[in-house]
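Visitor: Fit chain B to the supplied structure of chain A, relying on the hints for placement.
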Amino acid sequence: MRLRFSPIIFMLAYCLVYVAALLWDLPAFLYYPLHGQLSWGPEVVKGLGPAMAWYGIMAEAALIAAILAVIVPDRWFANRLHNVLWTVPVAAMLICTFLMRTFFG
Amino acid sequence: MMIAVLIVHGLLAVALLGAITHQCLSALRAKPASTLSFVDRYTGVNQRVFTWAVVILYGTTTLLGAIIYPSYRLNVRVPFEEMSLGWAVGLFELKEHFGGLGLCLLPVYAWLWQPQQMQSHARDRLAITAILAFIVWWDLLVGHVLNNIRGLP
Numbered sequence: 001m002r003l004r005f006s007p008i009i010f011m012l013a014y015c016l017v018y019v020a021a022l023l024w025d026l027p028a029f030l031y032y033p034l035h036g037q038l039s040w041g042p043e044v045v046k047g048l049g050p051a052m053a054w055y056g057i058m059a060e061a062a063l064i065a066a067i068l069a070v071i072v073p074d075r076w077f078a079n080r081l082h083n084v085l086w087t088v089p090v091a092a093m094l095i096c097t098f099l100m101r102t103f104f105g
Numbered sequence: 001m002m003i004a005v006l007i008v009h010g011l012l013a014v015a016l017l018g019a020i021t022h023q024c025l026s027a028l029r030a031k032p033a034s035t036l037s038f039v040d041r042y043t044g045v046n047q048r049v050f051t052w053a054v055v056i057l058y059g060t061t062t063l064l065g066a067i068i069y070p071s072y073r074l075n076v077r078v079p080f081e082e083m084s085l086g087w088a089v090g091l092f093e094l095k096e097h098f099g100g101l102g103l104c105l106l107p108v109y110a111w112l113w114q115p116q117q118m119q120s121h122a123r124d125r126l127a128i129t130a131i132l133a134f135i136v137w138w139d140l141l142v143g144h145v146l147n148n149i150r151g152l153p
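Chains as they are written, first to last, in my numbering: chain A, 1 to 105; chain B, 1 to 153.
Honestly, I wouldn't trust all of these hints.
[What the hints assert, rightly or not] Taking CB as the label site, the calculated pair distances span:
#1 49(A) <-> 149(B): 19 to 25 Å
#2 45(A) <-> 114(B): 41 to 47 Å
#3 84(A) <-> 18(B): 28 to 34 Å
Honestly, the hints are just simulated from the structure, not real lab data. Just so you know, even glycine gets a beta-carbon here, dropped at the ideal spot from N, CA and C.
One chain only, chain A, in its complex shape (with noise of 0.2 Å):
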């Protein structure tokens, strides 16, 4: 079988376990920069300082988005989304200003 990286089921899959793991806070790993530590899983780590999630929730994205757009045919996604792709990245970024909303409150 030859493996083939699709780009748009990249996009999708990144988006979509970047939007869920921000909703439900469920970032792979937590960063704690005071002592430069990691902890797995998104259980805030007492006595470490600040938590950073950015990182854990991207890598996740990330490693998941690429698994499934090597496994994932992308024939059905790119011929029902054609020329309508824009509008996931649109939706993500709608969905987090509107998560970050209780900063501007």
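Guide: Then chain B, alone, in the frame of chain A:
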């Protein structure tokens, strides 16, 4: 050291802004250049030549941003919270998430600008390029404003 990385991050971001804006405006302007005005010269470029420059600049700028980020988290965000500047923290959160989402657009962006896709995906190509341009503009402006409020020590 972080200041040096921040300066390079900013310079690369400006180069990226120039490249993606040039490409995006050129793609938006459907009609070919007819005169030699500034606008015609600005938009009358070969749009495809910008693609790999944008991909490399976006990737490098984001990587440098990721290196600076812990320093921001400790030395800038904490004071923002102490000064009750929730909106500034929120703007940075959006910068971070838009930047992260922009990364997943790069493969499809590069694919859409390949010669094989030039006839079939015009709307997607234009829209994805415009989204990337929006992200780059947003991230640069927010980064600039926040750095003016409180820069890295």
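Visitor: Now tell me, hint by hint, if it's right for this structure.
Guide: Hint-by-hint comparison with the structure:
1. 49(A) <-> 149(B): 19 to 25 Å: holds, 22 Å
2. 45(A) <-> 114(B): 41 to 47 Å: Hint holds: Cβ distance 45 Å, inside 41 to 47 Å.
3. 84(A) <-> 18(B): 28 to 34 Å: holds, 29 Å
Of the numbered hints given earlier, the model fails none.
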